[in-house]
Structure formats: C-alpha cells, structure tokens
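Undergrad: Dock chain B against the given chain A, drawing on the hints supplied.
If you want the building blocks of each chain, they are given just below.
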Amino acid sequence: MFIDKSMTRNVVSIHPDTHVLEARELLAKHRIRHLPVVDENMKVIGIITDRDIRTAMPSPFLEEEETKKEKERFEKLQVKDIMTRDPVTITPFNTLEDAILLMQKMRVGAFPVVDQEGRLRGIISVRDLMRAFINVLGIEEPGHLFCIVVEDKIGQMKRIVDCITEEHISFGSILVARHWEEGKRAVFPYLLTSNASLVKRKLKKAGFELLDPMEWSLEQLPKSES
Amino acid sequence: MKRTGFLYDERFLLHKTGPDHPECPDRLEAIYKGLKEAGLLSKLITIQATKARQRWVEAVHTPRHLIRFEEACMLHLPEYGCPDNQMCPDTYEIAMLAVGGVLNMVTLLMEGKIDNGFCAVRPPGHHAEVSQALGFCYFNNVAIAARFLQLKWGIEKVGIVDFDVHHGNGTQHIFEQDPTVFYYSIHEHPSFSFPGTGREFEKGTGPGQGFTLNSPVLPGQGDNEYKAILQRDLLPAFESFKPDVILVSAGFDAHVDDDMSDINLSTECFTWMMQRIVDMAEKYSHGRVISVLEGGYSLKRLPELIVNHVRVLLGDMERID
Numbered sequence: 001m002f003i004d005k006s007m008t009r010n011v012v013s014i015h016p017d018t019h020v021l022e023a024r025e026l027l028a029k030h031r032i033r034h035l036p037v038v039d040e041n042m043k044v045i046g047i048i049t050d051r052d053i054r055t056a057m058p059s060p061f062l063e064e065e066e067t068k069k070e071k072e073r074f075e076k077l078q079v080k081d082i083m084t085r086d087p088v089t090i091t092p093f094n095t096l097e098d099a100i101l102l103m104q105k106m107r108v109g110a111f112p113v114v115d116q117e118g119r120l121r122g123i124i125s126v127r128d129l130m131r132a133f134i135n136v137l138g139i140e141e142p143g144h145l146f147c148i149v150v151e152d153k154i155g156q157m158k159r160i161v162d163c164i165t166e167e168h169i170s171f172g173s174i175l176v177a178r179h180w181e182e183g184k185r186a187v188f189p190y191l192l193t194s195n196a197s198l199v200k201r202k203l204k205k206a207g208f209e210l211l212d213p214m215e216w217s218l219e220q221l222p223k224s225e226s
Numbered sequence: 001m002k003r004t005g006f007l008y009d010e011r012f013l014l015h016k017t018g019p020d021h022p023e024c025p026d027r028l029e030a031i032y033k034g035l036k037e038a039g040l041l042s043k044l045i046t047i048q049a050t051k052a053r054q055r056w057v058e059a060v061h062t063p064r065h066l067i068r069f070e071e072a073c074m075l076h077l078p079e080y081g082c083p084d085n086q087m088c089p090d091t092y093e094i095a096m097l098a099v100g101g102v103l104n105m106v107t108l109l110m111e112g113k114i115d116n117g118f119c120a121v122r123p124p125g126h127h128a129e130v131s132q133a134l135g136f137c138y139f140n141n142v143a144i145a146a147r148f149l150q151l152k153w154g155i156e157k158v159g160i161v162d163f164d165v166h167h168g169n170g171t172q173h174i175f176e177q178d179p180t181v182f183y184y185s186i187h188e189h190p191s192f193s194f195p196g197t198g199r200e201f202e203k204g205t206g207p208g209q210g211f212t213l214n215s216p217v218l219p220g221q222g223d224n225e226y227k228a229i230l231q232r233d234l235l236p237a238f239e240s241f242k243p244d245v246i247l248v249s250a251g252f253d254a255h256v257d258d259d260m261s262d263i264n265l266s267t268e269c270f271t272w273m274m275q276r277i278v279d280m281a282e283k284y285s286h287g288r289v290i291s292v293l294e295g296g297y298s299l300k301r302l303p304e305l306i307v308n309h310v311r312v313l314l315g316d317m318e319r320i321d
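Respectively, the protein sequence lines represent chains A and B.
Read left to right, the first sequence gives residues 1 to 226 (this note's numbering).
Read left to right, the second sequence gives residues 1 to 321 (this note's numbering).
These are calculated hints, taken from the structure and not from any lab test.
A few chain B positions that, by computed beta-carbon distances, are all more than 12 Å from chain A: (1) L66; (2) Q150; (3) R232; (4) E239; (5) W272; (6) K283; (7) Y284.
Computed Cβ-Cβ distance ranges for the label pairs, DEER-style: (8) E72(A) - S131(B): 57 to 63 Å; (9) E239(B) - V136(A): 38 to 44 Å; (10) L299(B) - N10(A): 55 to 61 Å; (11) K205(A) - P78(B): 22 to 28 Å; (12) E268(B) - K153(A): 42 to 48 Å; (13) D115(A) - M74(B): 54 to 60 Å; (14) V161(A) - E268(B): 39 to 45 Å; (15) D259(B) - V136(A): 28 to 34 Å.
Cβ coordinates follow ideal geometry from the N, Cα and C atoms, glycine included.
If we strip away everything but chain B, and leave its shape as in the complex, we get:
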C-alpha cells in the first residue's frame, strides 16, 4: 500500500459561513467521520496544518488582496470579495492554515516521506483570483502549491486536473500564460453554470497557448460522457505534457445527488476518474499526486466519495473500467 498523507485540522471547522450556506463545516466533519468509520485513519499519515508563510501566498496573490482580506476579518465584516463569500473573523487565519497545510503536504511529498496525499481543507481555492475572492474561495490553495513546487522544490512542470463541477477560473487565469503549468478542467458548460468561464476555446495565451484545456459538459450528462471526454482530452494532453507532479482540484459536486449542478455522475465515476489520474501520476510523475478538496456539498454522499478517493490513493481500491 502507498504512504498516503491526509491533511485534516479541526481548525478548518472554525471558518463559519452562516446558516444554510452550502460550504459549511459539516462537510469536513462528514468526511472525517466517513474515513474513521471506514477504518482508514490508521492507514493514513495524518498531517497537521500550520499557517502558511506570507511569501508563498504572495507567489500567487497580491499583497493588497491579503491586506484587504485580513482587514475584512478584523473588522468582522460578514463577507469579503463577493456576497457568496460569507465568513467570520477567523476566516483569514483558517485560509492561511489551509494553504500552509497543503504546503506541508507538498514538503513531505518532496522529502519522500509520503507517496501521495489528500488535503481535506476549507475554505476551497480554485475560484480565487490573484486579487479577488470568489465562489467561496479566498486563497487558491492548488495554485500556491504549484508555485511552491516550482520555487521551493525546483519542479519544472506541474499538471493540474480540476474535476470540480465548476470551472476553476482562478487557477486558469493564474497560469494561462505559463507553459510550465498545465491546467485541465472538466466542468458543467459555462453557459449554464457558475462562473461562466472555461469554454473549449480558452486554451491559454501567449507562451501559455496550448497549456490550458477545458472540457465543458452539457447539463444532464453523466458517467459515459465524462469517461469519453476525459479519454479524449485529458489523457492525451498529459501524455504529451508529462507533468513532474500532478495536483488535483477535487470537487465532488458533479455527483447526481449534489444539487449544485445538473451533472449526474455516479459515485463509481469519481473512482474511475481518480484511478486514471493516479495512473498518469505513475506513468509520468513517479506517482506524485496531491489532491486538494474544492467543492462537493452533498453531506450524504461526501463520506463515500472521499473514502473511495483516499482508497484510490492508497492503492486499496478495486479497479473500475
């Protein structure tokens, strides 16, 4: 079995978003409980979060974004950046912890102490732009991890796979001019779903042309379409890019029971996807893959989805074809 890191910190529950908000602490509690009941916690290497160093956060975000966000928390403002981003005075600290935890995971991976890992973090990250919080996201955890891999660990090529049902506008914009970070996203078609970006003709700009790839999927589609599209788009793209490390923006809101979208994936399809991602990591990246939680709001389905996800990382999951 693989040595799989698991980032979880009870302080992630302190980011409170108010009543009825889908991005709620219950999500992580459900995930933790699910892993515990499946007897997986003892098989994982638990990693604690520590506050990220500001310089790594600023490898992606502007100092102005950090200052305004911190101020909004100190002033006890109910939201920052946009009305969806409801928060509490602790949110800034927790967002820094989430980033720091993900970077701790990267460090252990690069030191060879783990083979791969899953980060159960809140708040999520992929909508966060360089200087803008959006769509429940404040700091772009995955983008910062990619820059950290390059700047601190000398990794040349990072491949990002984003299967959250929403397009990761933040991650795309951060790397769209950069040929050293390949951003791939599969998501519900932007004419129907937030944030309205991620059309198939968005393929990167300037020197980054050809290093962004989007697969929009029409509402109502499910496993068969996802599998066919990933085989058509993602697999050949990473075959030619050959990432040195793979980062996953793991959102589970494309599940049929998640009412955030009109995409109808089964639980098994998430396993299928993650197995293909791990296959690619084995082939191109010495197995190095770190997955970071983004969306996924069905409290009923999250436990099983994460249990399977982690089992795939552990290499403890029956193969799905």
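Next up, chain A with everything else stripped away, as it sits in the complex:
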C-alpha cells in the first residue's frame, strides 16, 4: 500500500512571495487545510496551514487603533514570513503505514509528497488515509459486524473463515484486536450478509464465544508515548 496510490495528485501549492491573504483564499476555495510552498522549480521549501494563517491574523480583542495597525501588517504579510520551513515530506514509495506512524509521531495533518529531487508530486493528508481506511474496513458495502473471542493460538482464524464460508457468506474485512485479555484475541469479521441470526447460531455451535457488542474495543493498545 504505497502513498503513490492514495495521495491527492492535483495538489494546490503556492509561491513563497504570495500574500498570505491569497493563501487564505486558496484554502477556502479548495476547502483544504495545507498548502505546500514551492519555488519556481516546484521544489518544496515549506508548508502553510490554515492554523498558521489564523494565528497571524489580527486578534479580535484589540482596540480599534491597534486593529488598524495589525490589519495593515497582516495585509503585507507574505507566505514566506509565516510558513513552516523544510517541512517533513514523504515519497510516493513510502507506505500508508509509514504515513500513519509518521503523522502520529510528528503530530501533523499532512505531508507533501516529493520525488527524489524534492519536487512536489502530491499531498497525503489524514483525509486520504481515512479514505483508505474506510476502503479496507469494507463498510461502504452493506454488512454486519461480529465480534468473536478466540484463544491466542494458531489456526483460530481458519476455523472462523471455514465456518462462515460454509454459508457462502463473503467477508468485507476482518480486524483483530491483539491485546485483549490474557491469552485471548478479539476477531471482528465484517460480513456481507443480513442474516445475523444464522451466523450467530453457526459460530456458537462451533464453540466460539460471541462478545456483547457494548464490550467491544480495539483500543487495548498502550497509548503511544511520543
């Protein structure tokens, strides 16, 4: 799963000498939050976000006199004055996993995607990653989610898959929560069926434990320290 396949290709970018006001209009017009800043050769030299711009804007709490001055200052501001220089970038041949982990580590919402020469090729944002996540969850197709508690040992998944395949039911996705209780894992098959009672009966008959939906949780992972 490479960035190349999931990134937004027609990325909107901006030149460092542009007025910040223009950057603000671009963001609003395209309903985006990140603008890579590129030079004449399309080399990425910075990034500017809607938050950078809002921070630079005159405070609404100022007196009239000060507001006027601040306004004049703001109108003169250029992108290069407030952009983040040398932003973290990623290449088309990094993976989606790289992007997710890096986003969590760097606490940013998007990376410009650059080629070997550092030229802008696209952008990958939280939104792109969410789209990819929705796709792998399979939830855009009608189906029903189940939660099965299994022992943490080889061969459990095969039993589940066999059980469901015998009923000619297709899988939308399967998630596994790794850290459940000691020696157990929780398996979440999303099945493309409306016949929930059939599946429940079948799984129970095969000796599986079905978990109360209100007890479901994927977040048994320790919170990241970064």
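TA: Structure of chain B alone, referenced to chain A:
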C-alpha cells in the same frame, strides 16, 4: 372502531427461501393464525393481492432491475442480487403481488373505503434499492406506495416511519433528495448491524436536506431508550413536516426474543410505538396510515406483536404510556 384493511394472500407463502432461512413462509402463517385465534379476522376488511402494474414499480425501480429479477426467476437461479436473497422461480410473481396488494390498500384508503390498514406481505421491501435487491428485499413496497400516493392520488407529503431494527437503506436512498417524502428510521446502530447505513448525520441531500432522519440505537438498549428517542426525534420531526399520509415500515425484529438484533424491546413497546404513530396520523393525516410488514423473525412472538399492532389500528387497544 376503525375500518382497518388487512392484506393477506396465501400466494405470499409461495416465495420460498430454502431451509433455515429466517425470512420464511412460516412467518406469515404464524401471523395469520395469530389474528384468527384472537378473533380479529372478522373485524378486519380483508384485501386480496393483485399483480402490480409495471409502471408503478418503475416509479421507483429501474426497468433493468425488473428484467434481471424476472430473468433470474425464469432461469431458476437460487438467488438474485446478493446471496442472502434466496428465492424460487415464483419469487418475481410474488414480489409483484406484494407490491400490487399494498397499492390496492392505498387505493381503498384514498377512496375512503378504509381508515387505515396493515399489509402482511412477503417479500419485505425496505432494503431494496432502485436497481438492487438486498437483505431479503426485492421491490421496495413502501417506497412504491409513497410514489403511487403522489402520482396517482395527488398526495403532496408522505411521511415514512421505519421501526424495523435494520436501517431502510433502500427507502432512504430513494427519497434522500426529495423534500416531499420524509423518511424516519429508528434502528440498531450501523456500526454493529446490517446494512451499515443510517447514521445520525445522514439527513438527506440537496433539496431533501432535513427530510431524512435517523436514530441509531446502541446494542443492548430497550424500551426506555426507544421511547425517549422517538419522543425526541420522530414526534417533533413529523410535527413540523405534517405528512398527508403516513406509511409504516413495520419490522418486529427489535424484539428481545428476536435473535436478528441486539435490541431488547418488549411486546408492549411495539404497541406504544404504533400508538404514537396512529396519534400522529390522527393529528396530521386524517388518520390515514398504512403499515407494511418488513422484518421480524421470532415465530413465537410475531402473532402477539401483529395482533397488538392491528388492534392499535382498529382503535381496540388499551393505551400504553
């Protein structure tokens, strides 16, 4: 007592779904037997089914859907649209009869020959999309009835209440851009239950914005939550929409004894819900309400649920608060 129509036709039993399928002919037999034993059949105006005219079905569905469905039956295919939709060579005819029967009910209502009615039909309808059979459904009976009310009878605003435990994706999608048909659904939360649509932020699109309303309910919840949610969401929505006629997608699978869902409603809560719906019909729609069977798979509970449901329509049921 009200003049309540009751649509039932033995031919609905001919739609065979194979062994162990929850949407089985036994459901209707249990319902019919329940009504008979409760002595209600003589109090109801029995309505027969006739095959729907294709033009009304095509007011909702694409001709391609009809052709492919009919072909699948002629070729004796075991399913159509998705593997859940198991069927038999008669299924197309029976689905046309179900629609036709519901439209007959609408006609009698609009001619003033009945006050309201209940349609015990198979196959159900609310999952059926414009061009797709899904979730045991082939033709969207309620959606076709809504269009028939508008096109044939000049009704302006139709309000649909769907209390099947699953979201009526088909009905929502058919009307989501249409401000003249309000679709309300209460159902088990889509992260847990089929079909995975009907989140609270799905509120209609374009000119239909604000004319779709969904109340997802978390697994394990029951009467108290349902009553509170319906009072919070449905009642004010219909108060401002003021439907000219109310159609009900009546599914009984949110019952605690129905293993299709994790919602735990009592038998009494279904009565409570239907009484509120009939109240709204009295207030806004000259009492005009037609209820159409969707899901509900507990053969043990269906008879009592339908008996109470029909009694509410007849105005012959003690009020539940």
